[in-house]
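Chemist: Work the whole structure out from these sequences, hints included.
For what it's worth, numbering that gives the first Met the number 0 labels the leading residue of the sequence shown as 0, then goes sequentially.
Simulated from the structure, these hints should not be mistaken for laboratory data.
Cβ coordinates follow ideal geometry from the N, Cα and C atoms, glycine included.
Among the hints, erroneous ones may be present.
[As the list claims (entries may be wrong)] Keeping only pairs whose Cα atoms sit at most 25 Å apart, straight-line, the calculated DMTMM-like set for lysine to aspartate or glutamate is: (1) Lys231 with Glu169; (2) Lys145 with Asp297; (3) Lys231 with Asp138; (4) Lys145 with Glu228; (5) Lys145 with Glu308; (6) Lys145 with Glu307; (7) Lys145 with Glu365; (8) Lys145 with Glu242; (9) Lys231 with Asp244; (10) Lys231 with Glu242; (11) Lys145 with Glu225; (12) Lys145 with Asp310; (13) Lys145 with Glu235.
[Stated by the list, open to error] Here are the computed distance ranges between Cβ atoms for each label pair: (14) Arg96 with Arg357: 27 to 37 Å; (15) Arg357 with Asp16: 48 to 58 Å; (16) Phe283 with Glu242: 46 to 56 Å; (17) Arg280 with Gly424: 37 to 47 Å; (18) Glu340 with Gly67: 19 to 29 Å; (19) Arg290 with Arg96: 30 to 40 Å; (20) Ile237 with Arg452: 36 to 46 Å; (21) Ala418 with Arg240: 45 to 55 Å; (22) Thr221 with Gln360: 53 to 63 Å.
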Amino acid sequence: MTAVQRLASFVTRARFDDLSDDARTQIKIRVLDALGCAIGALGGEPVRMVRAHVDEFGGTGRCTLVGGGRTAPDRAALYNGALVRYLDFNDSYLAPRETCHPSDNLGAVLAAAEYAGADGRTLLVALAVAYQVQCRLSDVAPVRAKGFDHTTQGAYAVAAGVSRALGLDEGRTAHAIAISGTAFNALRVTRTGALSHWKGLAYPNTAFAATHATFLAMRGITGPPEVFEGPKGFMEAIAGRFEIDWAREDLERVRQTIVKRYNAEIHSQTSIEAALDLRRRAGFDPAQIERVEVDTFDVAFHIIGGGEEGDKTVVRTKEEADHSLPYMVAAALLDGQVMPEQYRPERIQRDDVQALLRRVQVRPVEAYSRQFPARMPSRVRVTLRDGRTLATEQEDYEGFHTRPAGWETIVEKFDRLSAPHADAGLRREIVAAVRGLETLQVADLTRLLASVRT
Numbered sequence: 000m001t002a003v004q005r006l007a008s009f010v011t012r013a014r015f016d017d018l019s020d021d022a023r024t025q026i027k028i029r030v031l032d033a034l035g036c037a038i039g040a041l042g043g044e045p046v047r048m049v050r051a052h053v054d055e056f057g058g059t060g061r062c063t064l065v066g067g068g069r070t071a072p073d074r075a076a077l078y079n080g081a082l083v084r085y086l087d088f089n090d091s092y093l094a095p096r097e098t099c100h101p102s103d104n105l106g107a108v109l110a111a112a113e114y115a116g117a118d119g120r121t122l123l124v125a126l127a128v129a130y131q132v133q134c135r136l137s138d139v140a141p142v143r144a145k146g147f148d149h150t151t152q153g154a155y156a157v158a159a160g161v162s163r164a165l166g167l168d169e170g171r172t173a174h175a176i177a178i179s180g181t182a183f184n185a186l187r188v189t190r191t192g193a194l195s196h197w198k199g200l201a202y203p204n205t206a207f208a209a210t211h212a213t214f215l216a217m218r219g220i221t222g223p224p225e226v227f228e229g230p231k232g233f234m235e236a237i238a239g240r241f242e243i244d245w246a247r248e249d250l251e252r253v254r255q256t257i258v259k260r261y262n263a264e265i266h267s268q269t270s271i272e273a274a275l276d277l278r279r280r281a282g283f284d285p286a287q288i289e290r291v292e293v294d295t296f297d298v299a300f301h302i303i304g305g306g307e308e309g310d311k312t313v314v315r316t317k318e319e320a321d322h323s324l325p326y327m328v329a330a331a332l333l334d335g336q337v338m339p340e341q342y343r344p345e346r347i348q349r350d351d352v353q354a355l356l357r358r359v360q361v362r363p364v365e366a367y368s369r370q371f372p373a374r375m376p377s378r379v380r381v382t383l384r385d386g387r388t389l390a391t392e393q394e395d396y397e398g399f400h401t402r403p404a405g406w407e408t409i410v411e412k413f414d415r416l417s418a419p420h421a422d423a424g425l426r427r428e429i430v431a432a433v434r435g436l437e438t439l440q441v442a443d444l445t446r447l448l449a450s451v452r453t
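Modeler: Right, here's the structure in full:
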């Protein structure tokens, strides 16, 4: 039996009853969190472009778009996935050498489940499958250091989750995963140097393509059976040798994913919380800041602090701002928050934040790096023009798996993000639908999502 066949066996045998009570709660928390991000992203410039594209080329309207309208399943995966991802406010999973955003799979799994006329239990278990596949591949087969993007493992996760939502048999599931894993290996340049719209659209594009591939497999199209271990396969060409015993895997990895408290790249969360705590406790005038020093772990330094992935003091766009630790810390100190408002063009371009971000120095600390990913430690030190130095240190933030965010916290986040597009009554209905999703049909949820104002 090939590796992809063993993975397909895991996918097809997954059942809702395999989820522990806590895993069921956590997967619903992440669905609500992702939907809040999606609704909050309505009106974003690249999202509008994607919507125009889908409206022109959308195909038969079998699946619902958030905000109204219907389209083909693969294009629903693209558009709804773009909504989940655009704000860069959805969940994350931290492996030692890889970071991913497993709720990126929601748009694809939701479309497939709606297409299949599935119930909420099927949606939840299919999404849990996608989480497990993506997180476990991130654990044992990281690709970032090889120059590939985390969407590479995502192709396997999308195909697995969509296959489970469609109820495909083991053979067709294996072919769907094999086609997707072979075809969609993306480059890390997406997230290095000058950042573009593609940072937020790379995974939605993978979701679109892998959903399309899975529907081809449903029709009978076959894929390379040795996609993992064969000559020039994933192991030989990219990841190196690894082993996952899918017969022993469960659906509990969702419990180790983390949600964002601040609208910022995941590795920045502790630094931002530390900066905000310092601002609240010390009560200084941000205009009197002489310099800011941020000590963090090496992964944060290399991705958002000016290390391997480029200078982070040149910030002109949302995409550059939400991946610049100097900008995000400067905005936190000036504004007392880091939310979608901090990424409006007029905020990014103002002189106060542009000047302060250039006085933020980010340094990797070896002791902090050794603690990652079990902890996300950071120390923020602010020196004022009168000579005073203020400092604080934290090892995690609210939303990390050591301090998990509860249901009410996520409801508050959902309400804040979705309020411009949904009145209080509709928001309550969506929250209730997600909380009781195992008792509903997927169509009950998508009908509510169609009522959101664009």
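Chemist: It remains to establish, for every hint, whether it holds in the given structure.
Modeler: Now the hints, each set against the structure:
1. Between Lys231 and Glu169 the CA atoms are separated by roughly 24 Å; this keeps the pair inside 25 Å, and the hint holds.
2. With a C-alpha separation of about 17 Å, the suggested pair Lys145 and Asp297 falls inside the 25 Å cut-off, and the hint holds.
3. With a C-alpha separation of about 21 Å, the suggested pair Lys231 and Asp138 falls inside the 25 Å cut-off, and the hint holds.
4. Between the alpha carbons of Lys145 and Glu228 the distance comes to roughly 18 Å, so the proposed pair stays at or under 25 Å and holds.
5. Our distance criterion of 25 Å between C-alpha atoms is met by Lys145 and Glu308, whose separation comes to about 13 Å.
6. Taking the CA atoms of Lys145 and Glu307, the gap is near 13 Å; set against the 25 Å cutoff, the hint holds.
7. Of the supplied pair hints, the one linking Lys145 and Glu365 holds, its CA atoms being roughly 23 Å apart against a limit of 25 Å.
8. Among the hinted pairs, Lys145 with Glu242 is consistent with the structure: their alpha-carbon atoms are about 19 Å apart, no more than 25 Å.
9. For the hint linking Lys231 to Asp244, the alpha-carbon distance of about 22 Å falls within 25 Å, and the restraint holds.
10. For the given pair, Lys231 sits about 17 Å from Glu242 by alpha-carbon distance, which is consistent with the 25 Å threshold.
11. As the CA atoms of Lys145 and Glu225 are separated by approximately 21 Å, the hinted pair is consistent with the 25 Å bound.
12. Only pairs whose Cα atoms come within 25 Å are accepted, and Lys145 paired with Asp310 is accepted, the gap being roughly 20 Å.
13. With a C-alpha separation of about 12 Å, the suggested pair Lys145 and Glu235 falls inside the 25 Å cut-off, and the hint holds.
14. Taken as a hint, the range 27 to 37 Å holds for the pair Arg96 and Arg357, whose Cβ atoms sit roughly 30 Å apart.
15. Judged by the Cβ atoms, the range 48 to 58 Å given for Arg357 and Asp16 holds: they are separated by roughly 55 Å.
16. About 53 Å separates the C-beta atoms of Phe283 and Glu242, a value consistent with the hinted range of 46 to 56 Å.
17. Between Arg280 and Gly424, the C-beta spacing of about 39 Å keeps the proposed range 37 to 47 Å intact.
18. Checked against the given bound of 19 to 29 Å, the beta carbons of Glu340 and Gly67, roughly 25 Å apart, stay inside it.
19. Range check, Arg290 to Arg96: about 32 Å between beta-carbon atoms, so the 30 to 40 Å window is met.
20. For the pair Ile237 and Arg452, the supplied restraint of 36 to 46 Å holds, since their beta-carbon distance comes to about 43 Å.
21. With their beta carbons about 49 Å apart, Ala418 and Arg240 fall inside the hinted range of 45 to 55 Å.
22. A hinted range of 53 to 63 Å holds for the C-beta pair Thr221 and Gln360, which are about 54 Å apart.
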